[in-house]
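Asker: The primary structure of each chain is shown beneath.
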Amino acid sequence: MRYAGRWRSRVALGVPAALALLLLVVPLVALLLRADWARIPSDLATPTVLPALRLSLTTTSVTAVLCLLLGTPLAWFLARSDHRATSWVRALLTVPLVLPPVVGGVALLMTWGRNGLIGQHLAPFGIQIPFTTVAVVLAETFVAMPYYVLAVEGAMRGLDPRLESVARTLGASDLRYLRTVGIPLVLPGIAGGLALAWARALGEFGATITFAGNFPGRTQTLPLLVYVELERDPQVAISISIMLLAVSVLVLGVLRGRWLR
Amino acid sequence: MSAGPSRPAQPRSPRSPRSARTPRGAVAAAVATLATALLVAGCGSSNPTTSADGTGQPGKSGASAATLEGTVTVLAAASLTESFDQLKKDFEAANPGVTVETSYGSSATLVQQVDNGAPASVIALAGTAAAEPLDQAAVKDTQSFATNVLEIAVPPSNPGAVTSINDLAKPSVKVVLCADTVPCGKAAQATFKKARIVPNVVSKEVDVKATLSKVKLAEADAAVVYHSDVVAAKDAVTGVEIPSQFNTSLSYPVIRLSDDAATEAFVAYLLSAQGLATVQSFGFGAP
Numbered sequence: 005m006r007y008a009g010r011w012r013s014r015v016a017l018g019v020p021a022a023l024a025l026l027l028l029v030v031p032l033v034a035l036l037l038r039a040d041w042a043r044i045p046s047d048l049a050t051p052t053v054l055p056a057l058r059l060s061l062t063t064t065s066v067t068a069v070l071c072l073l074l075g076t077p078l079a080w081f082l083a084r085s086d087h088r089a090t091s092w093v094r095a096l097l098t099v100p101l102v103l104p105p106v107v108g109g110v111a112l113l114m115t116w117g118r119n120g121l122i123g124q125h126l127a128p129f130g131i132q133i134p135f136t137t138v139a140v141v142l143a144e145t146f147v148a149m150p151y152y153v154l155a156v157e158g159a160m161r162g163l164d165p166r167l168e169s170v171a172r173t174l175g176a177s178d179l180r181y182l183r184t185v186g187i188p189l190v191l192p193g194i195a196g197g198l199a200l201a202w203a204r205a206l207g208e209f210g211a212t213i214t215f216a217g218n219f220p221g222r223t224q225t226l227p228l229l230v231y232v233e234l235e236r237d238p239q240v241a242i243s244i245s246i247m248l249l250a251v252s253v254l255v256l257g258v259l260r261g262r263w264l265r
Numbered sequence: 003m004s005a006g007p008s009r010p011a012q013p014r015s016p017r018s019p020r021s022a023r024t025p026r027g028a029v030a031a032a033v034a035t036l037a038t039a040l041l042v043a044g045c046g047s048s049n050p051t052t053s054a055d056g057t058g059q060p061g062k063s064g065a066s067a068a069t070l071e072g073t074v075t076v077l078a079a080a081s082l083t084e085s086f087d088q089l090k091k092d093f094e095a096a097n098p099g100v101t102v103e104t105s106y107g108s109s110a111t112l113v114q115q116v117d118n119g120a121p122a123s124v125i126a127l128a129g130t131a132a133a134e135p136l137d138q139a140a141v142k143d144t145q146s147f148a149t150n151v152l153e154i155a156v157p158p159s160n161p162g163a164v165t166s167i168n169d170l171a172k173p174s175v176k177v178v179l180c181a182d183t184v185p186c187g188k189a190a191q192a193t194f195k196k197a198r199i200v201p202n203v204v205s206k207e208v209d210v211k212a213t214l215s216k217v218k219l220a221e222a223d224a225a226v227v228y229h230s231d232v233v234a235a236k237d238a239v240t241g242v243e244i245p246s247q248f249n250t251s252l253s254y255p256v257i258r259l260s261d262d263a264a265t266e267a268f269v270a271y272l273l274s275a276q277g278l279a280t281v282q283s284f285g286f287g288a289p
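So the protein lines, in turn, are chains A and B.
When you read off a place in the first sequence, starting at 1, and then add 4, the result is the number in the working numbering.
When you read off a place in the second sequence, starting at 1, and then add 2, the result is the number in the working numbering.
The shape of chain A in the complex, shown without the other chains:
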């Protein structure tokens, strides 16, 4: 009786668990099966791929640097403050995280577009953001920054608050404390946050195509190229997808210490 009950609950949990696993794994396997491995090198040598690869690498790198320079201080403020406003700021930060990226793209257009909130004041100076590489970086930063800030904030909250008190009594400024104590201690958190944000930026599609458009060498990143190539030559799209899959697995390797114990 007891054995039968245990068996029944095993099945009740095991079946959905197996389905969940299959739902996630089968598409990846399907992609690998459809790949023409011999063609991948020549597919990746297609004239459109190199500019897209270069653009994706530069924009995601700039995005990562922006996250590091702007996101780290924000994470620190969020981590040390228990003010009620902090939780509001944190909630606000998670909005881009759950927002459909295409909505983010529309919002960016309403901000930086020629008639946008900020864009209309830039236009008289001849500065136009949409359809430029800057727009790609803005779109990627918009979707990636929250991942970075929340990851680093989590790491900073794990620090012993006495460290900061001691540093303060020894006369260290906030900046000096962060440089010599705080940041070195959360370095793994920063690395993990960067990898996560970078991977998210690399995969960005919706906000980019809405806000930055699609032009080879200027705003056409790898995911946009996959979309366009699927209509021209699906095999090239599959080859690029495999490359992006490999990159994702690589990033997962970097994160292994954090998530895959």
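Don't read these hints as lab results, they were simulated from the structure.
A few of these clues could be false.
[Stated by the list, open to error] With the C-beta cut set under 10 angstroms, the calculated list includes, among others, these residues of chain A facing chain B: (1) T115; (2) P128; (3) I213; (4) P220; (5) R222; (6) V232; (7) L234; (8) P238.
[To be verified] If you only want the chain A side, here are some residues facing chain B, beta carbon under 8 angstroms, derived: (9) R43; (10) P45; (11) A49; (12) L113; (13) R118; (14) N119; (15) F135; (16) N218; (17) F219; (18) T223; (19) Y231; (20) E235.
The model shown is predicted, which means the values in this text are computed figures rather than measured ones.
Idealized CB from N, CA, C, for every residue including glycine.
With chain A held as given, fit chain B onto it using these hints.
Answerer: Relative to chain A, chain B alone:
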């Protein structure tokens, strides 16, 4: 019913844990059932998929000719959005038993979707060239129903001062085109080649409506779209004609992918005088 069983505060009696376990087991079983149901539903909906690109007949073909029933799935080029919305409305009003489901996108995307098994009864494309990659085994019948020419769309304020196609050669004019893979992009390239113009292209959008939207938002100074898109956009954009010696004309084919009675009726309606008049009222030319 109290929420107690889901979280027993304290072990009250030996019976309590068991009474707590039963609902949990029930929840687990319900989740499993739901998951299985979803999976089965997923498999079920993929069945028409396999029959659409093969030889089977999706939908109900047993309905008599007098009272049509069923669903007609229409995939149409983005430029047909407004005209097919109207056709759907008129056809459904005349045939209350039939539901017309429409999906719009670039012709290249739609053909790709059908080749990958998207369930479709009818596909209407911008230009015959777009139909070439279509799996011919699925095609039952092809007929031309409209023509369209290119036109330049500019924002009503016309920030780039575009009054002719030659103005698109100015480096200061930001031009948005369709991607090279979609019909309107190919047609635009052909037109620029004929006119010997190299425009300052800032973006190549995934379909003609996305291209037009950049002008509607006044983010671009000009876009090369179809005449029908300029008509459909009404006051949101201003059209600048492209002279016929440079222009590219496209013939729109409607391709039937099903022998279902409702599908045949929909195509017949589209090709009827009334259907063609509806399409032409949105700026398309006669086939």
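Asker: Broken hints, numbered, in rising order?
Answerer: The structure breaks hints 1, 2, 9, 10, 11; every other hint is satisfied.
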